[in-house]
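Q: Below, each chain spelled out in residue letters.
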Amino acid sequence: MTAPVIAPVAVTAYQCVSAAGDDVEALHAALVANRPCLQPPRLFELPFDTVVGEVVSPLPAIRAELRAYDCRNARLALKALNQGGFRAEAERAVARYGAGRVGLVLGTSTSGIYDSELAYMHLLRDGAMPADFSFMHIQTAQASAEFLHRELGLEGPCYGISTACSSSAKALGAAQRLIAADVCDAVLAAGVDSLCRLTLRGFHSLQLVSAEACRPLDAERRGINIGEGAALLLLERATPDNASKPRLLAVGESSDAHHMSAPHPQGAGAAAAMAQALRLAGRRVEDVDYVNLHATASALNDRSEAKAVASLFPSPPPCSGVKGLLGHTLGAAGAVEAVVSLLALEQGFLPGTCGLQQPDPACPCPVIAAPRLDVAPKLVLSNALGFGGNNASVLLEAA
Amino acid sequence: MDRMSLLGYGVCAPDAALRETLPFAASDIVREAIPATLRRRSSAATQLAFSAAAAACGQAGRSPSSLPAIFASVAGEIQTTDLLCRELARPEGVVSPNAFHNSVQNTAAGYWSIAQQCTQPASALAAGHDTFAMALLEAWCQLACSGGELLLVCYDETWPAPLDPGRGEPAFACALVLAAGDVAGRLAHIGRPERGGAEFPEAWRAMAERMPALAALPLLDLAASGGKARAVPLSAAVSGWQARMNCDD
Numbered sequence: 001m002t003a004p005v006i007a008p009v010a011v012t013a014y015q016c017v018s019a020a021g022d023d024v025e026a027l028h029a030a031l032v033a034n035r036p037c038l039q040p041p042r043l044f045e046l047p048f049d050t051v052v053g054e055v056v057s058p059l060p061a062i063r064a065e066l067r068a069y070d071c072r073n074a075r076l077a078l079k080a081l082n083q084g085g086f087r088a089e090a091e092r093a094v095a096r097y098g099a100g101r102v103g104l105v106l107g108t109s110t111s112g113i114y115d116s117e118l119a120y121m122h123l124l125r126d127g128a129m130p131a132d133f134s135f136m137h138i139q140t141a142q143a144s145a146e147f148l149h150r151e152l153g154l155e156g157p158c159y160g161i162s163t164a165c166s167s168s169a170k171a172l173g174a175a176q177r178l179i180a181a182d183v184c185d186a187v188l189a190a191g192v193d194s195l196c197r198l199t200l201r202g203f204h205s206l207q208l209v210s211a212e213a214c215r216p217l218d219a220e221r222r223g224i225n226i227g228e229g230a231a232l233l234l235l236e237r238a239t240p241d242n243a244s245k246p247r248l249l250a251v252g253e254s255s256d257a258h259h260m261s262a263p264h265p266q267g268a269g270a271a272a273a274m275a276q277a278l279r280l281a282g283r284r285v286e287d288v289d290y291v292n293l294h295a296t297a298s299a300l301n302d303r304s305e306a307k308a309v310a311s312l313f314p315s316p317p318p319c320s321g322v323k324g325l326l327g328h329t330l331g332a333a334g335a336v337e338a339v340v341s342l343l344a345l346e347q348g349f350l351p352g353t354c355g356l357q358q359p360d361p362a363c364p365c366p367v368i369a370a371p372r373l374d375v376a377p378k379l380v381l382s383n384a385l386g387f388g389g390n391n392a393s394v395l396l397e398a399a
Numbered sequence: 001m002d003r004m005s006l007l008g009y010g011v012c013a014p015d016a017a018l019r020e021t022l023p024f025a026a027s028d029i030v031r032e033a034i035p036a037t038l039r040r041r042s043s044a045a046t047q048l049a050f051s052a053a054a055a056a057c058g059q060a061g062r063s064p065s066s067l068p069a070i071f072a073s074v075a076g077e078i079q080t081t082d083l084l085c086r087e088l089a090r091p092e093g094v095v096s097p098n099a100f101h102n103s104v105q106n107t108a109a110g111y112w113s114i115a116q117q118c119t120q121p122a123s124a125l126a127a128g129h130d131t132f133a134m135a136l137l138e139a140w141c142q143l144a145c146s147g148g149e150l151l152l153v154c155y156d157e158t159w160p161a162p163l164d165p166g167r168g169e170p171a172f173a174c175a176l177v178l179a180a181g182d183v184a185g186r187l188a189h190i191g192r193p194e195r196g197g198a199e200f201p202e203a204w205r206a207m208a209e210r211m212p213a214l215a216a217l218p219l220l221d222l223a224a225s226g227g228k229a230r231a232v233p234l235s236a237a238v239s240g241w242q243a244r245m246n247c248d249d
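If you read the protein sequences in the order shown, they are chains G and V.
Sequence positions in the first sequence follow the UniProt record's numbering and run 1 to 399.
Sequence positions in the second sequence follow the UniProt record's numbering and run 1 to 249.
I should point out that these hints are in silico values taken from the structure, not numbers from a laboratory.
Just so you know, not all the hints are guaranteed correct.
Claimed, not checked - Here are a few chain G residues that face chain V, going by a calculated C-beta distance under 8 Å:
id	residue
1	Ile6
2	Ser109
3	Leu206
Unchecked claim - To spell it out: a stretch of chain V is covered by chain G in this simulated footprint if at least three of its residues, at any positions, have a beta carbon under 8 Å from a beta carbon of chain G; those stretches are:
id	region
4	32 to 43
5	55 to 62
6	70 to 83
7	97 to 103
8	162 to 174
9	223 to 235
Keep in mind it's a predicted model, so treat the numbers as computed, not measured.
Note that beta-carbon positions come from the ideal geometry of N, C-alpha and C, so glycine has one too.
Chain V with its partners taken away, still in its complex shape:
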């Protein structure tokens, strides 16, 4: 495989101020994307991920039930984990069964597979500031080895203050539907993620260093603008992960 096709994408940015600065469409959390049985008891992380994932599948015209999924998040269900850690720090603290099984990093992936009745593999990965880059690389490897199509979701809810003051906000999610090779109706081609010198845009750097899920902004920007072929950075960190992207041919 020498390239993959971007078939659709979705973006969820609950912070209205952030939405206004983005050069592409983004939504608040979409209630309809979350099954009624999950709406009250699911975390912001899961709701963000569902909102972006549903939008991406919609734009691509693909049924989520058939797509393997990669869920990528730096901190996962960190608000739930924070509450549990506070309880565990007290001798009489109580761990609720629901909070416990909703604290795993693959909570969003698990609920997504259940809600969509999707029996395809669902992964959950994290790679710090390179989380989006490594998720795109994992997507590349899955498509290169097995072909077909998949859903990639990169998301993070706001991190609780004690864990990493000054970082972990604003909350953000994006999702991509990707296919192996050339597919009719693609929005863009994306090449293999690799190390390189593509510069992360200064306008977004400080924000993306605070919230690593925002490392997807340059790729989403190019997908929306249909710009000429170039290497887009996939991380705001110095690691240099990038991918060549082409909306023209």
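Here chain G stands alone, though its shape is the one from the complex:
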């Protein structure tokens, strides 16, 4: 092991609301059962057939003082905050370090645009946006970050990162740097994205949306499914006090410099991001026990990423992708799948690849179809690769 470039941080709490259910226990159960959670959209109608990873349980109301932030995205974030004691852990960090030393970085692709779409229908019908519509509080990439920041009374730095599907993986990197640079003692890193017409109809226009449940890495795949979710991770400086908690070691980042909506065909950017994560953490490829693939079930993306793994690892570890279970949660995917990886580390299993029947021979990495409950990984890479050739790879380690 070489010396790490960046100090690891402890993940002292994490929570997730997704199509698999309202908390990490529900997500864990779905992962172990390899149970698809996709169904036709209920939130709005579409002029084509697909299934989505929708959160169908009720979302909490935003309190009156913060009503300007009220949108589906903020409600998803609030629902995750209220699950399983996460809010109490965040409040403990504020009490311990002081509100000014706790920051918040949130990754999202489309923020509250679902509610903007409704406002535009109002505009077309009545000639004006709804009176209570607030662009800065709902639609901007920082809106739901600022909502959570105010909901928790934080006074540290607060911003949104929006680099398409790598957004919240990069938010984890930014959050780690805030602690490593001694700007903060704790940072809430989040990924939140909600279903909206823009992404569903946009990906459909790119002919990427599958009518049926998606089949990542499968020879017969027919495209992607969109999902939604909110994942929250509380990061704190690593100390002996939190030695029983898993560690975020590093986030590797790179650009393909190739194409706006297609990945580098050989996966050069994805390989660079994974290599960078290992370099920053002072670890070797041989140390990695499992790779949580981005694996969207688009043929170009799957093959590019598999080639990246094959080029980086002389002997690749088991790989899998969970979008056949949850759908692609876009800007939230990096944080959602960091939570999936943390569950793998803490519960001792490897997730399967829901929907995989016939592995694509053009994907040269060892993909596992069914979950493996007999393997306890210690070091996991989780990839998030996005539009604009924007790549991030998150390296997490068991306590």
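Given chain G, work out where chain V should sit, using these hints.
A: Quick look at chain V alone, frame taken from chain G:
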């Protein structure tokens, strides 16, 4: 790291009236900064960002292909998003594939990395009225953790009227090339962004509240004038983000 070095900066202000009031040089959109293949189909946001970024790299004498980049914008590709939202509000509305992938917040960052053949990380962030302040803080953290140099670009095109009447204009972009620690040839030192009481200049406050990218004006003013060490405000909002800046030593 106790300070970073400002190696160069660039400013793009297409509004001629604004350019005349600025105490430093600013350009209109620079066609040569945008690759020919992008000129027709790129947004004002992307063109603004490219114009300022190219000028900053030029002044710093740095090749853009080697610099990690932070692109910061309150509203991103908001004109494209507005058009898409109008289409989506109609039952028969059509979403074009190009408009869709050009609507992401990291459109400028993505095209920049492609145009410059830069495989370094490129981020895209937003923080409302604190967008410039948080971008400078993100730059600080990247340099403190990894050293080296980077490009910071803060930009916003004019926002479409229905979204935020009375705000989001005039369009503006600025770019900074920053290095960790002391670097020969620096224009200034900049300290860690922090909370403080530095007052935003009254002359610019109303305009910067309308267009948050203009929160960079006090820092650019000091960089251009070479004034004495002081704390410069990084936000026109009440959040109090500031950084100490020194052009003397």
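Q: Between the region 32 to 43 of chain V and chain G, see if three or more residues pass the 8 Å beta-carbon test, and mark the coverage as holds or violated.
A: violated (count 0)
Q: Does G/Ser109 meet its interface restraint, that is, does its C-beta lie within less than 8 Å of any C-beta in chain V?
A: With a closest approach of 7 Å, the G/Ser109 hint holds.
Q: Min Cβ distance, G/Leu206 to chain V: is it shorter than 8 Å?
A: 5 Å, holds
Q: Under 8 Å between beta-carbons, do enough residues of the region 162 to 174 of chain V, three at least, approach chain G for the coverage claim to hold?
A: holds (count 3)
Q: Verify the coverage statement for the region 223 to 235 of chain V against chain G, using a C-beta to C-beta distance below 8 Å and requiring 3 or more qualifying residues.
A: violated (count 0)
Q: With a Cβ-Cβ cutoff of 8 Å, does the region 97 to 103 of chain V contain at least three residues near chain G?
A: Answer holds; 5 residues pass the 8 Å Cβ test.
Q: Tell me whether the statement that chain G covers the region 55 to 62 of chain V is true, taking a Cβ distance below 8 Å and needing three residues at minimum.
A: Result for this restraint: violated, n = 0.
Q: Does the interface hint hold: is G/Ile6 within less than 8 Å of chain V, judged Cβ to Cβ?
A: Check passed: Cβ of G/Ile6 comes within 5 Å of chain V, closer than 8 Å.
Q: At least three residues with a C-beta closer than 8 Å to a C-beta of chain G: is that true for the region 70 to 83 of chain V?
A: holds (count 4)
In summary, the structure is inconsistent with hints 4, 5, 9 from the numbered list given earlier, while agreeing with the others.
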